[in-house]
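> If you want the building blocks of each chain, they are given just below.
There are 2 protein chains.
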Amino acid sequence: MFTDISLTNDRPLYLQIRDYIRQMILRGLLSQGQKLPSTRELSDTLEVSRNTIILAYEYLEDEGFVKTIRGKGTFVSAVSIDYKNVWDMDWNSRLTPYANMANRLDIVKHESKWQKGMISFKSIAPDDKLFDVEDFKRAFQNRFSLEGEKLLNYGYAQGYKPLIDYLLHYMENKGVSTQGKSILITNGFTEGFDIVLSALVNPGNYILCENPTHNTAIKIMKLHHQKIIGIDMEEDGINLAKLEKALANNPVSMAFLIPSYHNPTGVIMSPQKRIQVLDIFARYKVPVIEDGFNEELRYSGSHLSPLAALCGSGNSVIYIGSLSKVLFPGLRIGWILGDKELISKLESVKRSRNIHTSFLDQALLYEYLSRGNLEKYLKKARKTYREKYDLAIECAREYIPHKTVLGEGGLHIFIELADHVDARQVLTRSIRRNVIFMPGDIFYTDGKGSNTLRLGFARSTLNEIKKGFKIIGNVVKEMEE
Amino acid sequence: MFTDISLTNDRPLYLQIRDYIRQMILRGLLSQGQKLPSTRELSDTLEVSRNTIILAYEYLEDEGFVKTIRGKGTFVSAVSIDYKNVWDMDWNSRLTPYANMANRLDIVKHESKWQKGMISFKSIAPDDKLFDVEDFKRAFQNRFSLEGEKLLNYGYAQGYKPLIDYLLHYMENKGVSTQGKSILITNGFTEGFDIVLSALVNPGNYILCENPTHNTAIKIMKLHHQKIIGIDMEEDGINLAKLEKALANNPVSMAFLIPSYHNPTGVIMSPQKRIQVLDIFARYKVPVIEDGFNEELRYSGSHLSPLAALCGSGNSVIYIGSLSKVLFPGLRIGWILGDKELISKLESVKRSRNIHTSFLDQALLYEYLSRGNLEKYLKKARKTYREKYDLAIECAREYIPHKTVLGEGGLHIFIELADHVDARQVLTRSIRRNVIFMPGDIFYTDGKGSNTLRLGFARSTLNEIKKGFKIIGNVVKEMEE
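Residue numbers (my numbering), protein chains in the order written: chain A, 1 to 481; chain B, 1 to 481.
Keep in mind that a hint or two might mislead.
Computed cross-link-like contacts, DSS-like style, restricted to lysine-lysine with a CA-CA straight-line distance of at most 25 Å [as the list claims (entries may be wrong)]: (1) B/129 with B/340; (2) B/150 with A/380; (3) B/340 with A/113; (4) A/161 with B/137; (5) B/116 with A/161; (6) A/222 with B/222; (7) B/150 with A/109; (8) A/150 with B/174; (9) A/174 with B/379; (10) B/340 with A/376; (11) B/137 with A/67; (12) B/222 with A/35; (13) A/67 with B/150.
Hints in this document: simulated from the structure, not taken from any laboratory.
Isolated chain A (complex conformation) (with noise of 0.2 Å):
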């Protein structure tokens, strides 16, 4: 006994030599009644100092594996171990549809996955390399030493207070009217698209949106067993026409959409077609869910208002706000903004699922958002992001040959190649060249888009940027020939 520990020095002595103890009371190598070496003894053995063998032996006492018996020595407790009931479980043959759809639709599961040394397109994940640790660690200092320990307490479904407050100002800031109107914090978009669904969509319902549209919004509109009509996209946004057609032929329940920054075309809806869209569908009385996607990245040209603006003091426009693909997408704080009634229902589901998002999290990114930090990193961001997508569109446009190449502005673009040519076998040779992204397949709601491609720039270099596409170039031009 002891002759097998080894003590390494990343974590506390003491604690070690507890759970090397109790490994071996619960393996029934010290069994109930045995006595443990004086703490004298084993100090000498493991050439540790006796505080630490007595503050071992202490922890082990605490928690009922020993009992100390004074002038007598430390003996083993009655802690019962038994494994006469081993049975196992076949657990797939048991998965829900639910879980069996999510795995089948888990992309990360089953795409290509980025090898070391590898030019990546695949990610629209921030730069994390443009955040700035210094400030959010300055706010940690200041919101730490304001409220301590409360914020590692329990809070409240529906958010930290000052942050609500924060984003309720955010939000008239981009013209929207919060009156009538309320938040609740989520964890990222995701959350919120699923809770919005959760609440207001039955199965077999119809759900209308931009076709290609965000992979992880089909993803959570198959699982909630939707049926999807995705309308065309064109330059300047959704088809008005096909979309005018959808909902006089069918009984929409609800649509989705990303006005700005379309994942993945990387299309504005223009002013104009805002207003024509939210006039068609006050006709046909279908709310819609607008993602608020990266509003943030703008590179140019005039404010554009969201539709959650554009409705005025109506309550027929949900949006969901994230600021994950500019700043912290690890804290995963999204929110959604609508009808106060609504968002009152929302918050009970948000609590039966995990009570609330976390308080220090929201804190600290209220700390952070209320010093002005925001503006003060967007302007850094959009600076290094704007050269990136300037060359970005530039290489493209040059080294590989396509139908259309859109995106403008934002940390990704789109390219439409051929008709003829499958950019699933433009990805595997590429792969092969050290370069990967993401098809264009996995953002259409009926199978199409096979000739497409998302190319995401925000962690490559320009170098990258610029050897990566000309691959991706060279193998298009190859498979043409």
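Fit chain B to the known structure of chain A by using the hints.
The following block gives chain B in isolation, referenced to the frame of chain A:
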């Protein structure tokens, strides 16, 4: 213009000025082409530095609200504002049965609320004054200087690797065999349980649990349309004869048990009963979801192996852990330990819900735990809570006329009053005397428990426990007369 602007100290001045001008533009009070005052003029008018105005104008330009023409001045851009499409939805009529049920079962909305000045035994949240704020700050500094911005970018659905490894080791220290097992990090127990049910039970399935049981678990089981079979509790855990009978007579697909510090009764399942329970479930091939609730708060007695340990290398127990009733519930971190293959499936469900749990929080918790802070904290917390617990038991027995007083540690006790005494009436009358608690009926699966109450004491002082229990006791006595 600018006469109604009121500048405050809580936000950077340039942002306040920017916001004011944005609002003027968005409300149509400044229209396209209109010229803004020069920076010098406005700096005079508002009595702030000219640099502040320059910065405000710069941001307005970045965001597409104005355009500066050299030598001419700054002009309002073409910002589309339109409030034509105002229409209102009746959202209530659209709510899904799921959302309506989540609302109906939301006890935060429907139970009596704490008011200032009340002594509260309602909550079982930990006392945040016990948290080691300095240790947590140090954890932030250490982890952040090690990983910095990486902690703020996207992570992995399964969780933060070092935390997963720590928790695997932590579970091994409870005697759990982790061979063939894995861990998924969740936003607390609530999300863990919801994800497990989403993946493994279908509507109309039979699920078995203790009666009473954790009210949030009841809510989630109902939201999953489970037929709940509640088995009566005894002083050493679930009634075995009734358990056996229920399994023999119903096609039960899953069980949910809280063997340690059962919520709400505070009963600890005895070591013998744990083995017997597993034997019975093995016989009927029914898997068990084990809630490891408050295992960390034993004040005395030998170590008790969780069911997940007693089932040895078998995979039929899914263990859901959380430190939330002990440490940092505001972070919302819990974990599911189970069969490796199963955890990989649950990971996809987690990804479809909210991508992952905050990586910052996971990293901070890991850093805090790995330094031995949990053990240090538990030593202190156990001492404080034990004192409260001892007094609570003593006062309950002395002051409150009862049939049984249950609770073997933890942060709450459970009282059965005489059969004819209505605990909700006791509550109403106690509230009039400024004492609030949790009526026991919300924990019952079958509408029983009208004569029961749960008293949480974690955040009460010793004086409050004494005073509050006396008041409740007096109310009961008056009602019994």
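> Decide, hint by hint, whether the structure agrees.
Status of the hints after comparison with the structure:
no.	hint	result
1	B/129 with B/340	violated, 38 Å
2	B/150 with A/380	holds, 19 Å
3	B/340 with A/113	holds, 21 Å
4	A/161 with B/137	holds, 23 Å
5	B/116 with A/161	holds, 19 Å
6	A/222 with B/222	holds, 23 Å
7	B/150 with A/109	holds, 22 Å
8	A/150 with B/174	violated, 30 Å
9	A/174 with B/379	violated, 51 Å
10	B/340 with A/376	violated, 45 Å
11	B/137 with A/67	violated, 35 Å
12	B/222 with A/35	violated, 50 Å
13	A/67 with B/150	violated, 45 Å
Of the numbered hints stated above, those contradicted by the structure are hints 1, 8, 9, 10, 11, 12 and 13, listed in ascending order.
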